[in-house]
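Undergrad: Next come the chains, spelled out residue by residue.
Protein chains: 2
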Amino acid sequence: MLIYDLEKRGPRPLYEYLYLCIRDDILDGVLAAGEKLPSKRMMAKDHGIALITVENAYAQLIIEGYVTAEEKRGYFVAPGMGMFRRKGPREQDEDLNDTHDDARQGSWKGTEQGRKTWLADFSSSKLKRDAFPFATWTKLMRRVLDDREEAFLEKPESRGVPELRSAIAVYLRKAKGLDVSPDRIFVGPGTEYLHHLILQLVGASRIVAVEDPGYKKVGQIYESHGLKCLHVPVDENGLIVERLWNSNAKLVHLSPSHHFPTGCVMPIGRRRALLDWARAQGAYLLEDDYDGEFRFDGKPVPTLASLDDETVIYLNTFTKTLAPSIRIAYMVLPEKLKNRYEEKLSFYSGSVSSFEQYTLAAFIGEGYYERHVNRMRNYYRQQRAKILQIFEESSLSKVASMEEHAAGLHFIMKVQTAMEDEAWMKAMEEKGIRLLPVASYSYGGQAKYRHQFLMYYTDLEEKNLRGAFEIMGNSIF
Amino acid sequence: MLIYDLEKRGPRPLYEYLYLCIRDDILDGVLAAGEKLPSKRMMAKDHGIALITVENAYAQLIIEGYVTAEEKRGYFVAPGMGMFRRKGPREQDEDLNDTHDDARQGSWKGTEQGRKTWLADFSSSKLKRDAFPFATWTKLMRRVLDDREEAFLEKPESRGVPELRSAIAVYLRKAKGLDVSPDRIFVGPGTEYLHHLILQLVGASRIVAVEDPGYKKVGQIYESHGLKCLHVPVDENGLIVERLWNSNAKLVHLSPSHHFPTGCVMPIGRRRALLDWARAQGAYLLEDDYDGEFRFDGKPVPTLASLDDETVIYLNTFTKTLAPSIRIAYMVLPEKLKNRYEEKLSFYSGSVSSFEQYTLAAFIGEGYYERHVNRMRNYYRQQRAKILQIFEESSLSKVASMEEHAAGLHFIMKVQTAMEDEAWMKAMEEKGIRLLPVASYSYGGQAKYRHQFLMYYTDLEEKNLRGAFEIMGNSIF
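Residue numbers (my numbering), protein chains in the order written: chain A, 1 to 477; chain B, 1 to 477.
Derived by calculation from the structure, the hints in this document are not laboratory data.
Among the hints, erroneous ones may be present.
Treat identical chains as interchangeable: a pair holds within one or across any two.
[Stated by the list, open to error] Derived BS3-like pairs (lysine-lysine); straight-line CA-CA distance at most 30 Å:
| # | residue 1 | residue 2 |
| --- | --- | --- |
| 1 | Lys336 | Lys216 |
| 2 | Lys139 | Lys128 |
| 3 | Lys250 | Lys426 |
| 4 | Lys36 | Lys386 |
| 5 | Lys36 | Lys174 |
| 6 | Lys431 | Lys386 |
| 7 | Lys336 | Lys217 |
Remember, predicted model here, so these are calculated numbers, not experimental data.
Let the hints inform the model, and build the full structure from the sequences given.
TA: Shown next, in the form of structure tokens:
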């Protein structure tokens with residue numbers, strides 16, 4: 001039974017106060033999406049108020065989308081509603097922050113999302129809103145819905161639907177110089193899932209090597225599987241192969257085309273040395289081509305896998321090129337690991353909705369993906385040039401430099417300062433600027449990577465950039 | 001360059017033979033989905049034939065959907081095409097099995113799918129085609145597409161989008177007597193993925209106990225993570241708790257509401273004993289409610305988790321109730337494991353497309369899911385009654401009995417015979433009847449479960465059933 005203390009309404013009309021109470025209970029999750037509200041008659045009776053008062057309150061909730069009315073069934077909390085208000089669109093709405101909202105304001109505190117807007121958020125790798133080819137994607141989705149009714153009742157193949165794997169194979173041949181049969185391609189709902197599979201294939205009791213600095217999550221995944229991680233330092237040519245000698249590592253995770261986060265590209269000599277080591281050791285190299293689609297100088301770096309696809313596992317995702325909500329990544333397994341998968345892991349069910357797999361297969365197969373990537377590449381190229389120009393014109397450029405490797409979706413900014421990174425970052429946060437220190441991606445290189453910051457540029461408001469660079473420039477001592 | 005030996009065409013017209021060659025290369029995967037075909041002019045030139053011949057062949061390929069024509073770009077192998085012909089719809093088409101199709105017929109041999117139709121396939125747990133609420137689902141999908149453009153650019157929360165978890169919480173309260181907060185609900189692309197998470201939470205170096213006989217895949221998953229599986233025998237009340245004493249198991253996987261495969265329900269006494277053991281041992285019980293939606297006698301068995309949700313992890317999936325292509329499962333974690341997840345595993349990205357999560361949230365939240373489950377329950381109830389009646393009237397009932405626990409999507413048939421299961425099954429397969437022996441789900445109970453067969457009934461053609469039962473009845477000695 002929903003009972004509100006209507007005495008507390010102050011000068012507000014009854015219906016408005018009732019509306020506010022229910023709305024806030026919905027926003028706070030006290031009333032969950034899909035839950036049935038009491039009938040209007042019951043509500044009026046329970047509160048001893050007129051039916052028309054409840055009717056007005058309910059009508060307001062319906063107009064604003066908090067509640068849906070269903071014929072002959074009653075009133076329900078709308079499906080979009082939940083207790084997770086800090087992510088809801090209403091957080092932007094200043095008007096809602098009236099005194100009634102204490103509980104909600106409380107839930108803001110201490111959360112990063114608490115800050116409503118950033119002048120410039122260089123920590124966000126979020127894609128621009130208009131980056132996603134929404135019209136084409138929904139067109140294909142609708143077509144798959146129309147044409148593929150059967151597909152709903154099919155259990156998707158363990159390694160992914162054939163159509164998608166074929167389309168990826170064609171793409172890899174064209175775009176990456178990787179000529180592999182679709183049966184070596186494995187699809188999963190994100191690279192993390194594929195890491196799980198790789199660990200099961202390579203052997204879970206092994207030592208794995210990761211780059212330092214590097215993509216921290218990979219180390220977390222490995223350690224969460226009880227593995228020992230060896231953090232191998234990188235220099236300007238990428239992972240230092242000598243540091244792998246005597247390591248007994250059986251799997252090495254690396255990003256040779258555009259090292260994360262430093263941005264360096266591994267030259268062919270280092271690649272060969274790495275492959276020689278791996279072959280001698282019987283180890284696998286896991287090539288994470290996480291932003292391999294985004295090279296801007298027109299000379300695509302051949303993948304490590306294209307040099308030796310029996311030693312290298314190739315890993316890529318559509319999350320960075322399409323949208324983070326599309327949970328589809330893929331890997332190419334060496335023949336030997338593919339066979340081991342078939343022998344030992346093919347009992348696993350498919351892990352990605354067939355519906356989205358068919359949509360993506362059509363998207364790639366009909367050439368939309370390549371066009372989309374080209375379009376985004378051009379967009380990012382211009383975006384980079386513009387940001388670099390604004391940077392050069394700013395006072396920041398006198399005390400900092402931008403590292404540029406003509407690839408990827410972030411820069412590295414090196415700051416000439418004696419200040420502690422932590423303190424400076426905090427000061428910047430207070431002025432609405434968010435940055436990520438490179439040192440936070442390193443285990444052994446805290447000192448080496450001091451005063452370096454990773455700066456994503458995909459979700460920046462250009463109009464704020466000049467101001468942000470000036471603020472930063474004026475706060476470095 | 002595509003070159004076919006047109007001399008081999010026999011009495012066929014040139015265009016038809018060319019069409020067949022290309023079509024078969026598409027079906028065999030020689031030409032992959034999305035691949036560009038030579039221009040008509042080039043094709044004619046390479047073969048020294050008239051342009052009109054190629055035009056006719058291409059036109060036929062387009063009409064039949066093997067090839068798509070794209071303005072100013074040329075001709076492409078249609079996205080639905082691939083090398084995985086044995087799953088394609090064309091396999092049903094007898095007409096295609098002409099002499100040109102040797103290679104394809106070859107690929108049939110030895111594959112289970114090689115048999116075109118079964119008189120009765122009791123091994124298939126596939127849902128009936130019209131079981132999936134296609135119209136409603138696509139309606140909601142379209143609405144999500146229209147209303148939720150933003151959602152494409154959001155990274156789904158690690159544990160699932162709030163709307164879906166809220167909707168599941170409401171459902172669990174109503175349908176399962178489980179009153180849990182949405183933040184204890186975790187969504188993943190199938191139960192297998194959730195098993196991965198559970199192992200990381202409970203500790204990967206532990207001993208896990210599974211039911212014998214039981215759901216074999218769970219044991220495979222655990223062993224593939226390097227764990228030691230203890231196979232605990234079940235009796236008519238489910239898992240024998242005494243066999244867990246001195247076991248040191250820290251996780252026990254079980255299906256108390258409808259044991260797989262025997263179908264027995266664990267009574268309250270056994271449940272209490274199991275919970276007592278688990279609490280004393282500091283172990284977790286993993287309740288796999290894999291077909292908990294399908295009890296037919298109107299007395300839903302309360303979940304084990306509703307007795308003690310600090311000791312029990314509850315696991316369920318939408319695959320069995322909705323469609324196997326929808327890869328969404330969920331679990332409810334005890335508070336302690338939820339906290340451990342937040343502390344250690346929240347770095348994981350969301351693993352299910354937000355788009356499908358929102359669709360499912362609406363489907364549940366607006367009451368469609370409950371109605372669908374009710375409809376399916378009624379359908380299966382009738383289906384079961386009908387099958388049991390046909391069985392009773394058949395000669396098979398004189399030499400076999402059907403075990404019935406008023407739940408789930410399969411029966412257990414016990415056959416009075418001296419024949420070996422293997423030999424009899426083979427004989428039945430040759431007559432178009434597929435069965436699964438219960439013994440194949442057991443490690444230590446091969447003898448105990450002899451002459452018992454698991455029989456799924458969800459995808460049976462009723463018209464064939466009478467014949468199938470007679471054939472079986474007449475072949476048991």
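Undergrad: Each hint: holds or not?
TA: Hints, verified against the model:
1. Taking the shortest Cα distances, Lys336 and Lys216 sit within 30 Å of each other both inside one copy (28 Å) and across copies (25 Å).
2. Proximity of Lys139 and Lys128 under a CA criterion of 30 Å is satisfied in both settings, with 20 Å inside one chain copy and 28 Å between copies.
3. Taking identical chains as interchangeable, the C-alpha atoms of Lys250 and Lys426 are never at most 30 Å apart, the minima being 40 Å within one chain and 44 Å between chains.
4. Taking CA atoms no more than 30 Å apart as the test, Lys36 paired with Lys386 passes in neither setting, with 52 Å inside one copy and 37 Å between copies.
5. Taking identical chains as interchangeable, the C-alpha atoms of Lys36 and Lys174 lie at most 30 Å apart only when they sit on different chains, with a minimum of 12 Å there against 54 Å within one chain.
6. Taking the shortest alpha-carbon separations for Lys431 and Lys386, only the intra-copy value of 23 Å comes in at or below 30 Å, while the best inter-copy value is 72 Å.
7. Taking the shortest alpha-carbon separations for Lys336 and Lys217, both the intra-copy value of 27 Å and the inter-copy value of 23 Å come in at or below 30 Å.
Comparing the model with each earlier hint shows violations of hints 3 and 4; every other hint is respected.
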